[in-house]
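Q: Chains A and B, in that order, are what the protein sequence lines are.
Numbering-wise (my numbering), the first sequence opens with residue 1 and increments by one.
Numbering-wise (my numbering), the second sequence opens with residue 1001 and increments by one.
Hints were generated in silico from the structure; no laboratory data involved.
The reader is advised that the hints may include incorrect statements.
[Said to hold, decoys possible] Restraint ranges, calculated between C-beta atoms of paired labels, are given here: (1) A1530/B - W115/A: 51 to 61 Å; (2) K1113/B - E184/A: 51 to 61 Å; (3) V152/A - S1005/B: 53 to 63 Å.
[Stated by the list, open to error] In silico DSS-like links for lysine-lysine, alpha-carbon gap of 30 Å or less: (4) K1592/B - K262/A; (5) K1504/B - K262/A; (6) K1504/B - K1463/B.
Every residue, glycine too, gets a C-beta built ideally from N, C-alpha and C.
There are 2 protein chains.
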Amino acid sequence: MQVFSVMFLPDNKKTHIREDENVFQAALKSGITLNNACGGKGVCKQCKILIKKGRIKVSAAGSFNEDDQNQDYVLACKAYPESALVVEIPEASKLKAPQINLLSENIVCDNQKQWVPLYQKVHLQLPEPNLNDPEDDLGRLLRCMRKETGIVHLYPDPDVLCALPKILRDSGWEVDVFLSAFREQPAIEISAVEPANHTKKYYGLAVDIGTTTVVAHLVNLENRRTVGVKGTFNRQAVFGSDVITRIIYAGEYRDGLDKLQKAVIDTINNLIEELAGDEKINPTAIKVVACAGNTAMIHLFLGLDPVNIRLEPHVPAANDIPAMRAERTGLKVHQKAWVHCIPGIAGYVGGDITAGVLAAGITLAEELTLFVDIGTNGEMVLGNKEWLVSCACSAGPAFEGSGLKYGMPAVRGAIEHLEIAPGGSQVNYVTVEDAPAAGICGSGLVESIAWLYRAGIIERNGKFKSGCSTSRIRDSESGKEFVLAWSEETGRLTDITISETEVKNLLRSKAAVYAGIRTMLEMVGLPIEAIKRVIIAGGFGRHISIRDAVYIGLLPDIPLGKYLYVGNSSITGAKMTLLSISAGKNIEDIIKKMTYLELSAGGNFMEEFISALFIPHTDLSLFPSHHNGQEINQ
Amino acid sequence: MQVFSVMFLPDNKKTHIREDENVFQAALKSGITLNNACGGKGVCKQCKILIKKGRIKVSAAGSFNEDDQNQDYVLACKAYPESALVVEIPEASKLKAPQINLLSENIVCDNQKQWVPLYQKVHLQLPEPNLNDPEDDLGRLLRCMRKETGIVHLYPDPDVLCALPKILRDSGWEVDVFLSAFREQPAIEISAVEPANHTKKYYGLAVDIGTTTVVAHLVNLENRRTVGVKGTFNRQAVFGSDVITRIIYAGEYRDGLDKLQKAVIDTINNLIEELAGDEKINPTAIKVVACAGNTAMIHLFLGLDPVNIRLEPHVPAANDIPAMRAERTGLKVHQKAWVHCIPGIAGYVGGDITAGVLAAGITLAEELTLFVDIGTNGEMVLGNKEWLVSCACSAGPAFEGSGLKYGMPAVRGAIEHLEIAPGGSQVNYVTVEDAPAAGICGSGLVESIAWLYRAGIIERNGKFKSGCSTSRIRDSESGKEFVLAWSEETGRLTDITISETEVKNLLRSKAAVYAGIRTMLEMVGLPIEAIKRVIIAGGFGRHISIRDAVYIGLLPDIPLGKYLYVGNSSITGAKMTLLSISAGKNIEDIIKKMTYLELSAGGNFMEEFISALFIPHTDLSLFPSHHNGQEINQ
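Starting from the given sequences, assemble the full structure and let the hints guide the process.
A: Shown next as structure tokens:
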């Protein structure tokens, strides 16, 4: 196997490339993520590069047509080296950070002075031993710790034991003792004993491991304040943009699981490096990590086999995973730091949802709350302090902007809001950063459906009405389509459209979500009106018009004032578990109370789904505001 | 630093030697232990070797006199290489296995069918998941384990988690689950999950780590039977024969602790190899280890700093040490095996004593029991099911045969029993293996004192009486001495003698033990007669005449029928903890009930000690049988 050097311009990043590696992979190794919507199949043609020096071998799919203005370019994902290379990467080929969902909203978790973090410091002045009190060093430490804190079950890490005699004596018996607590066991570990030092800081890291993006918060555990927030792409994207593709990759290649694990660990380590750099600390000052993510992401993160999550009946290796040492995971924090993963509920209802339920305080309230996180899957939880039900439905990737011809994430140029004039002659839209329209993101899609219906262009079942006389409606190779933006307004060479097929796909997505909600309610024998609060979590919810989401029948028709958007509740739930031992108790409570409803296991889901394929629903009594012509209750 | 090869004959063992290493150390590295009574000072001259090839540098102390018949020999402990060497080791220079105290007596612990071992196998047939029961693999396993065993606190080792999905499916959901229990925590670890296999054996190892010898028992955990028993020398002997010398070595040399740890680990690994070889198993079939040893030995075994044990107030790093993984200790068993150490009580009352108290069942009985283990130190425990008191006194190495001119362990040629005719004209003795007398061991020394007194040769204070007309009493450079064996009877060139000074030293040793017992009794306000049972543990007790030990005032004057010799109760206690989870509970109980009495912390010990320096004691009322002329109650 030959290995060549490769230099990437204009970043001047150098790495090595094996003859069986493509330039896309080499770029990733050097920390540059290229566009990869097609997962390296050479289809999306968005990872184009220029070879400035050296020879490459390119498969047919990796070249552009001779008449294409791109003819000097090749696709990185199809380019294999035959010599040392110098490669220029156009800015447009780099995957752009979308508006990463870095924070939660409407939830307070910083600076709660009464909280006891998972990793805490206890200052101790030990009595010096004498012949009347010759207790062993460890026994003495435990005795004083129990007296100081009341903690009964305490045990030392073996390294602490080895260093203890010297530290106790060198410090004049005045020490800081660092304790690690666990959600899953009552015993507390003495993780470190150091000479007393009132200025030394110690940190915790909360991580939200998303399929697309990874977000990390650095927390000063002494004052319980967030000192840094960073987000980036999950480098696993190179193996496929969605969970299923990655699970397949993990199962089909001998070292697939290792590669996927390494990719996400690298992603997080990069965030750690940046956060530590900004805070001017050594990453080893991070003494505890809490992670939340969907079940597959947590499996890949820990190197657990995810393959059965994909196959019916969708069984994870584990939902509730005991804490592991950082050294086992490969995270570059203190090697003895414990890495806690918030437990998931099922193959498609992960720890990110548990974290969200925790952050939203659902089990603390009397009132019935519906928690909704819509991405590729819709994950829903219904409940209160007495009980919880959860389910997952396949919403398809439509709302995340992929799978549609002009779908895109909510990044620069994405149409995020719009209005269509009656009859469809005119479209007013707003794009992210007011850039020329480049495509349409999830919130724009919800509004498209609502406005296509309001404007009288589509039927309740999504079918394009005949007889609309606007040039925006036209026939294409793949059926009827509606032009949202003309090419001259856009950053593209083509018009931005939405087709009848795409509308119907979106209706299937919204029907799945609504049917899931209804099936949960039926299970507990409650009507829609019983819901007193709806929590919308995740990135999709940020820009969405709740009004339009209700209008099309995606979300239940209850007063808009009862909706609350909480943003990234996964990272907040993770951070809460870092900051508060009692959050762990709350999680245990959530897990204990939770009933997982498998929608595909018979029951009413299919029936509900079919009923929900219309705008807003076949049963209009479920959408009284719609039905009244008043549109939506205020 | 130059390194040379060295070949040892006649064993044909080859190793390497650095120019700063002596041949003694090189021999040890290749597994040959030479005599080392003087700890490598060149004084005992018992490690003589012949250099067959190569050049060495020998310090003065390492050579023999020219007129000495040994003139061709050099001492291995003083011989440093200057080239590659071929060395012949005479059989007489090899340290002989003494009658290693391999077993306990009068205690039953094998084949107790009702016992649940620390490592146990549970066979499970799991229900296959389906859409109505899609629980995760780990959750399913835990659910079934709880149902099968009733164990609530269960958690998996991370490696188990990684392998679980495949094993469950490959095995058709029929598995053997291996559980590790801990004394110090209620949670049980799932250490391994394997496809069900009714024939695969799994083992535990019990180890008694003595200062001089190390004993290991291999136990088949499935049928709870001991399948192998081995003992050998502790290779730490090369760094000094007693605990104190080794503690000093550990503290004074930068890698002293590491070397001592390596030496004892090598010792145990050698036993493991032999035991596994005899049983025809791979050592990785050993899944759990339980060790008992004195506090310093356990520190050195685990690499804990022992230096403060030596210094007043004699504080160990830890008495009660949480279980560690074998991989951390260096033991060559299954690397994930948990290594449990039986907790000690104080710097000089170690886990070997706790193990003995466990094995002797002291806390299970109503009757007041005295437990005595005499070695270099005397360790004593007094108590019953209600309470326990322990103490340690420095008995000196006399009873172990060292520190005396002709003292030796109870190996071939040692005088172990004797009688002296009135006036001292005649001595009848018995030696180990009936070999020519080579010296005198502990049991012989106790009888020497008794018979020197009975024969009217010494006063009650150990002073030689004047006016005895036998050639066996004579003056030497170091004062008066008594000839036990004439040179013509012995394997030595000289007479075997015992001097007045040595007699007085032995009286000090016996006084310390007796004073310790009395001080414990005083602490709890009980008389000697309250003792209903005396347990004698350890190697020293095996051949000792209890009658003579009582006669000289070493042991209390209670009916001989109440004495019980239990042999190596340390190994038996260790084995019990392997074989029975409830033994661990008993140990917790022992530790909780135990009061450690520090004899040097004031109190009556000094007074008691001085009173006990006579034969049998200043207060003859404490020894009624002696006083009555009837000698000893039957």
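Q: Could you run down the list of hints and mark each one as holding or not?
A: Now for the hints, and whether the structure bears them out:
1. A1530/B - W115/A: 51 to 61 Å: holds (56 Å)
2. K1113/B - E184/A: 51 to 61 Å: Since K1113/B and E184/A have Cβ atoms about 34 Å apart, the given range 51 to 61 Å is violated.
3. V152/A - S1005/B: 53 to 63 Å: Holds, at about 58 Å.
4. K1592/B - K262/A: violated (48 Å)
5. K1504/B - K262/A: violated (72 Å)
6. K1504/B - K1463/B: Holds, at about 8 Å.
In terms of the numbered hints stated before, the structure departs from hints 2, 4 and 5, listed from lowest to highest.
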